[in-house]
Amino acid sequence: MLAAAVAIAAAGCSSSSNSTTSSTSPTSTSSGTPSATSSAAAGAVDTSVCGTKPGVAATGTPIVLGGIVTNQPGTSFTDIANMAAAYFACVNANGGINGHPIMYKIETEQTNPAQIAADAKQLVQTDHVVGIVGNTSIIECSVDSAYWQKLGYYIIDSGIAPECYSTPNSAAVNMGPRYSSDGAVQYALAQGATKIVFDQSNVPGTGYIAAGPAALAKAKGVPIVQLTENVPISDADSVAIKEVDDAGPNGAVVLNFTPPEALIILQAAQKLGLEDHVKLWGCSTPCNTDFLAQSLGPKWNNKLFVNAELLPPDVTNTPTMNLYKAILKQYGKAVSGGIGSFSQMGFTEAEIAVHALESITGGTYTVATVNAAFKAVTGFNTGMLCQLWSYGSYATHIPNNDDSTVTPDNGKMVTAQGCNLISAVDPQIAAYRAQAGTAALEPAS
Amino acid sequence: MPAWSDFEPFIVSGLALGGVYALSGVGLVVLYRATGVLYLAFGAVGAMGALIAWSLTQAGTPGWVSWLVCVAFAAAVTLAYGTVFGPALAGRDPLVKAVATIGLTLVLYGAMDLLWTTSGGEARSLTLPTDNSGFSVGQILVNWTQVIALAAGVVITVATGAFLRYTKLGTAMRAMANDRVITATLGVPVRRVEAAAWLGCGVLAGIAGLLLADLVALDATTLTFLVISSLAAVLIARLRSIALAFAAAIAIGLIHDLLTPITSLTNYRDMTPFVLAAIALLVLSRRRVMTQSREEA
Chain A
8 MLAAAVAIAA AGCSSSSNST TSSTSPTSTS SGTPSATSSA AAGAVDTSVC
58 GTKPGVAATG TPIVLGGIVT NQPGTSFTDI ANMAAAYFAC VNANGGINGH
108 PIMYKIETEQ TNPAQIAADA KQLVQTDHVV GIVGNTSIIE CSVDSAYWQK
158 LGYYIIDSGI APECYSTPNS AAVNMGPRYS SDGAVQYALA QGATKIVFDQ
208 SNVPGTGYIA AGPAALAKAK GVPIVQLTEN VPISDADSVA IKEVDDAGPN
258 GAVVLNFTPP EALIILQAAQ KLGLEDHVKL WGCSTPCNTD FLAQSLGPKW
308 NNKLFVNAEL LPPDVTNTPT MNLYKAILKQ YGKAVSGGIG SFSQMGFTEA
358 EIAVHALESI TGGTYTVATV NAAFKAVTGF NTGMLCQLWS YGSYATHIPN
408 NDDSTVTPDN GKMVTAQGCN LISAVDPQIA AYRAQAGTAA LEPAS
Chain B
373 MPAWSDFEPF IVSGLALGGV YALSGVGLVV LYRATGVLYL AFGAVGAMGA
423 LIAWSLTQAG TPGWVSWLVC VAFAAAVTLA YGTVFGPALA GRDPLVKAVA
473 TIGLTLVLYG AMDLLWTTSG GEARSLTLPT DNSGFSVGQI LVNWTQVIAL
523 AAGVVITVAT GAFLRYTKLG TAMRAMANDR VITATLGVPV RRVEAAAWLG
573 CGVLAGIAGL LLADLVALDA TTLTFLVISS LAAVLIARLR SIALAFAAAI
623 AIGLIHDLLT PITSLTNYRD MTPFVLAAIA LLVLSRRRVM TQSREEA
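Taken in sequence, the protein lines are chains A and B.
So my numbering is basically just the index in the first sequence, starting at one, shifted up by 7.
So my numbering is basically just the index in the second sequence, starting at one, shifted up by 372.
These are computed hints drawn from the structure, not numbers from a lab.
Heads up, a few of these hints could be off.
Short, incomplete list of chain A residues facing chain B, as computed with Cβ under 7 Å [to be verified]: (1) Pro239; (2) Ser241; (3) Asp242; (4) Ser245; (5) Ile248; (6) Lys249; (7) Pro266; (8) Pro267; (9) Leu270; (10) Ile271; (11) Lys278; (12) Gly280; (13) Leu299; (14) Ser343.
The C-beta atom is built at its ideal place from N, Cα and C for all residues, glycine as well.
Produce the entire structure from the sequences given, and follow the hints as far as they go.
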């Protein structure tokens, strides 16, 4: 019995790795999620445009890339790496990088620093990866930042920890919890909220995240109440009551939680009849999923406003967005969440990496050439962000600092406000823009 | 210190939370009194039942059918575990029996993590028709699901107490908890009585899982480990008194929520069940030591 328990628990929880190469079989099976199967535009797109030689499988020496993602009960970022893997599979099936397929190694971790450090060494010393793409972890940036700097790796990731944004060797495609919370608070202030209640998970780094919203509220002369909650939340009723009491009728409650935790709080507020007791509710990017919009129902239409770090997929009809949906449909069987921010991030990271790899001349793909190419990416239009994406030689990197705001609309998230620069009142944003100059501000179109 | 009016809404939410703890706590005491097993998989079987119900509802199955499936699943798994492992563990130390149920918890928890992954920001919820109506108390709305949860705790407490005290099967269960061998010697069909206790506990786990999925969250981790907070109430009742377990659960819920508006304590409110259990155990053990000392004198 215990052996069976250990076996199954290990399957669900332990560190593991997998890889994908040109041998990854394309599949026409849809992900089964409502969004992934619903896009007519996606169906019309030929995924072969992802590569340089449509229909020709890459057979050369693999270019080995790697990524580390958190995968533990309640917190899983595997969709991001799995979507990057889907993009690479598409590229491999259509010419690869000058005939070389990309082999992508994914390591998972459970917020254990020793395990994360070992994962990095595994990728470098055993798997011999030449680049790191798709990292998404609660603490990986904090743990491995010095290691990557020492070895000369320039990471393309989805950031969470402060070091994902405040070090020379990490550039994220997302804004992360701090700047996304900035965006949500900025929207609430623009709507005239007279008080902000900012509530987030009681995990390491809350002080760093809270500093951004605090700076924005202070600049506007609006009082802000900072709260933290132990997760998983088992007393959502009392959490919702406290938030609403603290905010008052003209205030705003802004949440920074994972979708399941945010949903628990919002549903508790609805069941208690509290959703209309404040001016508006806000949420950082994790709430930007159709799953959440469907679960909440129409009572939250134009009541909840969610920061969106990437362009909304449901209402964006561009070649890149349609390619993303088509690749997700054809190659993204492992992407359980379907269309949404997580898979968009994975797509964008892989897209940037492929763009950088294609710029390498001479056919030599080493740690030095690949990371030099990553670092050299400048003004790249990802088709997924409000602005052009650049890496560059900066001490800090916040290349995505221009966002939009969405709101539920009968089970879908729709745009409430288009692209809008995050305020430089946040000192970290101001510091980055001072280094990057116009590269930090260029809109995508 | 907040004004009294600031605490009022938290009384309602605290009662609802206490009802949540009571549902699990009463089920745990019932099984322990009948079989001597502290069933730590109580939360996990209810959680998996609720997730199955959610999947069925998503597939278009009528709500009442999926709710019945939830209860039937929890009952079947619990009965199967009790039937297969109960006799083998009957003579073992209570600690061994309790730890064995952690094995079942891990199996179910691992299975839930694989089958209902939370990657991709998936957020699930299970709502009952009773969520949509209720009555106002002050500024907040009390829905009928919360009332049902609290009432279910009361009804189950009273009904189980009466069952154990006044029925033949209940008497047999109490006798078995005291001494399984002597009870068997007296001609009581031990295995059948144990099976009835496991089945009853499983039904309670299913009902609790359904209500908790609605009242707390449809999340495997939350529901599986919610039982730990309920354990505090069970320990305060010293694994014996159903009524005391119910009262302790309500007290834990109330105190927990009443701490929420107190800024200096709000982040420590999740410690409430364990602090109260520790205090209760210290007081009870001190009283026992004093009684023994008096007897020795």
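Checked hints:
1. Given the 7 Å rule on beta carbons, the hint for Pro239 of chain A holds: about 4 Å separates it from the nearest Cβ of chain B.
2. Hint status for Ser241 of chain A: holds, given a least beta-carbon distance of 6 Å to chain B, under 7 Å.
3. The beta carbon of Asp242 of chain A comes within 5 Å of a beta carbon in chain B, closer than 7 Å, and the hint placing it at the interface holds.
4. At about 4 Å, the closest approach between the beta carbon of Ser245 of chain A and any beta carbon in chain B falls short of 7 Å, and the interface hint on this residue holds.
5. The beta carbon of Ile248 of chain A comes within 5 Å of a beta carbon in chain B, closer than 7 Å, and the hint placing it at the interface holds.
6. The beta carbon of Lys249 of chain A comes within 5 Å of a beta carbon in chain B, closer than 7 Å, and the hint placing it at the interface holds.
7. Interface restraint check for Pro266 of chain A: the shortest CB-CB distance to chain B comes to about 4 Å, inside 7 Å, so the restraint holds.
8. Here the hint on Pro267 of chain A is kept, as its CB sits about 5 Å from the closest CB of chain B, short of 7 Å.
9. Interface hint at Leu270 of chain A: satisfied, since its Cβ lies 4 Å from the closest Cβ of chain B, which is below the 7 Å cut-off.
10. With 7 Å as the threshold, the beta carbon of Ile271 of chain A comes within range of chain B, its nearest partner Cβ sitting at about 5 Å, so the hint holds.
11. A hinted interface residue such as Lys278 of chain A counts as satisfied when its beta carbon comes closer than 7 Å to some beta carbon of chain B; here the least separation is about 5 Å, so the hint holds.
12. Hint on Gly280 of chain A holds. Least Cβ distance to chain B is approximately 3 Å, under the 7 Å limit.
13. Against a cut-off of 7 Å between C-beta atoms, the interface hint on Leu299 of chain A holds, since the closest Cβ of chain B lies about 5 Å away.
14. Contact between Ser343 of chain A and chain B, as hinted, is supported at the beta carbon level, the nearest pair being about 5 Å apart and thus within 7 Å.
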